[in-house]
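Participant: Knowing the structure of chain A, use the given hints to seat chain B on it.
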Amino acid sequence: MRGPLQMLALVRDTFRESLARKIFWGFLGCSTALILLFVLAVNIDLVEGARAAVTLFGQEVNRGRVMDLDLVTRRILGAVAAFLFTAGLFLAVFAAAGLIPTIFEPGRIELLLSKPVTRTRLLLGRYLGTLGVIAFNMAYLVLGVWLVMGIKTGIWNPSFLLAAALAVFAFAVLLTVTLAVAVVSNSAVLATMVTYFFVLISPLLAQHERIAPLFRRQWARDLTEYLYYLFPKVYDLGNMARLAMEGRAFTTWMPLWSSALFGAVVLAAGLWSFARRDY
Amino acid sequence: MVIVTEGLAKHFRRAWSRRLVRAVDGISLEVQPGTAFGLLGPNGSGKTTFVKLLLSVVAPTEGQARLFGRDCRDPQARAPVGYLPENHRFPTYQTGWQMLDFYAALSGVPEPERRRRAGELLELVGLSDWGDVRIGKYSKGMLQRLGLAQALMHRPQLLILDEPSDGVDPLGRRQIRDLLGSLRRDGTTIFLNSHLLGEVELFCDRVAIVSRGRVALEGPLAELTAGSGYRLSAARVTEQARERLRQAATHIAANNGLVDFLFPDRAAANSALDVLRESGAEIESIAAARSTLEEVFLRTVEEAK
Numbered sequence: 001m002r003g004p005l006q007m008l009a010l011v012r013d014t015f016r017e018s019l020a021r022k023i024f025w026g027f028l029g030c031s032t033a034l035i036l037l038f039v040l041a042v043n044i045d046l047v048e049g050a051r052a053a054v055t056l057f058g059q060e061v062n063r064g065r066v067m068d069l070d071l072v073t074r075r076i077l078g079a080v081a082a083f084l085f086t087a088g089l090f091l092a093v094f095a096a097a098g099l100i101p102t103i104f105e106p107g108r109i110e111l112l113l114s115k116p117v118t119r120t121r122l123l124l125g126r127y128l129g130t131l132g133v134i135a136f137n138m139a140y141l142v143l144g145v146w147l148v149m150g151i152k153t154g155i156w157n158p159s160f161l162l163a164a165a166l167a168v169f170a171f172a173v174l175l176t177v178t179l180a181v182a183v184v185s186n187s188a189v190l191a192t193m194v195t196y197f198f199v200l201i202s203p204l205l206a207q208h209e210r211i212a213p214l215f216r217r218q219w220a221r222d223l224t225e226y227l228y229y230l231f232p233k234v235y236d237l238g239n240m241a242r243l244a245m246e247g248r249a250f251t252t253w254m255p256l257w258s259s260a261l262f263g264a265v266v267l268a269a270g271l272w273s274f275a276r277r278d279y
Numbered sequence: 001m002v003i004v005t006e007g008l009a010k011h012f013r014r015a016w017s018r019r020l021v022r023a024v025d026g027i028s029l030e031v032q033p034g035t036a037f038g039l040l041g042p043n044g045s046g047k048t049t050f051v052k053l054l055l056s057v058v059a060p061t062e063g064q065a066r067l068f069g070r071d072c073r074d075p076q077a078r079a080p081v082g083y084l085p086e087n088h089r090f091p092t093y094q095t096g097w098q099m100l101d102f103y104a105a106l107s108g109v110p111e112p113e114r115r116r117r118a119g120e121l122l123e124l125v126g127l128s129d130w131g132d133v134r135i136g137k138y139s140k141g142m143l144q145r146l147g148l149a150q151a152l153m154h155r156p157q158l159l160i161l162d163e164p165s166d167g168v169d170p171l172g173r174r175q176i177r178d179l180l181g182s183l184r185r186d187g188t189t190i191f192l193n194s195h196l197l198g199e200v201e202l203f204c205d206r207v208a209i210v211s212r213g214r215v216a217l218e219g220p221l222a223e224l225t226a227g228s229g230y231r232l233s234a235a236r237v238t239e240q241a242r243e244r245l246r247q248a249a250t251h252i253a254a255n256n257g258l259v260d261f262l263f264p265d266r267a268a269a270n271s272a273l274d275v276l277r278e279s280g281a282e283i284e285s286i287a288a289a290r291s292t293l294e295e296v297f298l299r300t301v302e303e304a305k
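Chains as they are written, first to last, in this note's numbering: chain A, 1 to 279; chain B, 1 to 305.
Rather than coming from a laboratory, the hints here were simulated on the basis of the structure. Honestly, I wouldn't trust all of these hints.
The following label-pair restraints were derived from C-beta to C-beta distances [claimed, not checked]:
#	chain 1	residue 1	chain 2	residue 2	range
1	A	V189	B	E302	42 to 48 Å
2	A	V189	B	K140	28 to 34 Å
3	B	R73	A	L227	47 to 53 Å
Glycine included, each C-beta is placed from N, C-alpha and C at the ideal position.
Isolated chain B (complex conformation):
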């Protein structure tokens, strides 16, 4: 396993009110090698604290976390990890080259390799012309791409990204997604902490939804978004046919001249097809029902309240 957490918790008391805050409240997760794992949750749900616990930036109140089988408090456990924090503040006195060189040296990358790798990565993230420019002059999107290059300097086996496309334009976002895709094909495990559900849906194959410091739902993305039943859409549906199907359908809605029906099983959907054809309706589409990640997310967060 790349990441294993067992009952990981971080509680703290507010400075003045002394109220106990359970930022992370007993999270147990496993992330397998080669996975693209998405961690979702509303603001303040404990996602970033969870990542900080993994990287030993904060100490757990209870439980434990292991990276590549090592206790996460062991600095060696972080050696194969690349990290891009959410609200990063890279030293503005460094140039792009210097920044990559500095963080790679802290990861133990020797000098000739650092020089070569920095050149490759600056090229890869489209900043090869900006390597000698001080970071203070970079735009938000450029900083994000440089941050990603920094995380890749030591060829990590696990990449932890906290809102990687924050501030990046759609083209840059696509480039980042492509880059992460190629890393994943090479076997890098990616742990993505993002509030952009579309991005997670496009990229991750496993997700966990965190709410109030706990895992409210976790599993393969395909399973979580798989709905039960069949969605049927038809045009020219008569009122009579609609009445006949009202009992069998779990949901009926009119939409731009079409009527959408949701049936609980295949038999009900087939019967409905017969009724609609008899009545002269035109079938637009029929498909197994699926939920979007957004629907799953909203439902899960609502239920967890």
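Extracted from the complex, chain A is given alone in its bound form:
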């Protein structure tokens, strides 16, 4: 009985801290601004039901051509999905870095550890709370845009929600890195830098088949391949989201399960390290 109560308290406290630090409101404001942009800027004139003329900020984007409404909707939602996998993830990592390491502050951690709560639960509670803050905001943005586009076009594309779920999943994996580095280093800055490293190296490693042959040495070629399979595949997950948006089937599930495996291992390492640390 004590376990769920403690977990709930930790998650709620993370939300409370995100509200107080304006992180939550910052996210919510950005998401609301984006939704309003769609409400005000995107104007779709229906012609014979399935075809449309699209204007963005009053400018006609299809230059007189009659476009397939479903295609237009998919492209717009695809742009939002791309935003989630780029700016959205960057913002999320930045916000999370301000939430995870604060519990390790001297004077705060001692009191938390003095309570009858396991260290694993303490850290998982913080992890889930941070994930919840970001997931809530991503869900708000995605559902908002989805509703606006659905109302404007009458097309309700459920694959957009799958794309959003993939973005939250990618963030959940990256958050394990933030958490593990924060445990080991007690540094929010380092935790953010290392997490961004994984975000930034992902598109490069995604080109491993092209990059690896460029190296003269075999070990360098092997390393590129190993790193690709080892590291979280944020870029590939973004591609999966794009495929989902375009209504195409995934060619492979490997980016999903290998990223999940990476996240699980890093999370376990973070928990293991936290369980053995002195404060």
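Facilitator: Below, chain B alone, put in the same frame as chain A:
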């Protein structure tokens, strides 16, 4: 036993010099239920590390600690423990209510009880008007009182307080002492880690003095401060009488027109009384000699060097 430690030690190496530091070096202690136990020691003697070992905030290098018969690494062992750390940093985004609610939830206190208890304790520590105010606006003394309320939310059987009156004004200090006194009467064991010797002397019935990570002296306060011999104070002591008593007295000192003598036993003190009366001196006081805790502390720390 509430606390039992056996050869508890924490050693670590300094980051750059790799020099071995024995922060706690084999402390064995027992604290019985209902006791007010004071842990004393100079700065850097290992008091706070010892408390952190008890609460499993740091892991021991050697030895073991048990709380209520459980290994202190077991989270259940900490369930009946309330703790107020020394340099606490309570989350400033929380209000007083929220802070009490949060830490009580971590201690497993259910919702209705938390609400009721937080109200009671805010009233008790004189912060009932501040419950809805963010902690960031609290003064040091208010934070200390709130911290104490936090430690009491789950009705602990053992209260571990690290410098509880740090930053608190004399009135607040008195309130804290009264509160701790009433808790003690209710059977709560109190483990007080403080450098304020007067506070420990007023409140604790058993103390341990730690120096260089080891227990240099431990026992009931009354026994530790009990001196041997008798202290006699008299006015109008003639030089002749003083000379006669110089052999028998272990210590003679003039103080504000009075002369203080210290005699090793009752017989010597009685003989001295006769000599002083014969010489026309006026007896101001005579009492069994006692050391102050400060004297005991300083002597112990000096000897342990």
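Participant: Evaluate each hint against the coordinates.
Facilitator: Here is how each hint holds up against the structure:
1. The given range of 42 to 48 Å is respected by A:V189 and B:E302, whose C-beta atoms sit roughly 46 Å from each other.
2. At about 29 Å, the beta-carbon gap between A:V189 and B:K140 stays in the expected band of 28 to 34 Å.
3. Remark: the range hint 47 to 53 Å for B:R73 to A:L227 is contradicted by a beta-carbon distance near 38 Å.
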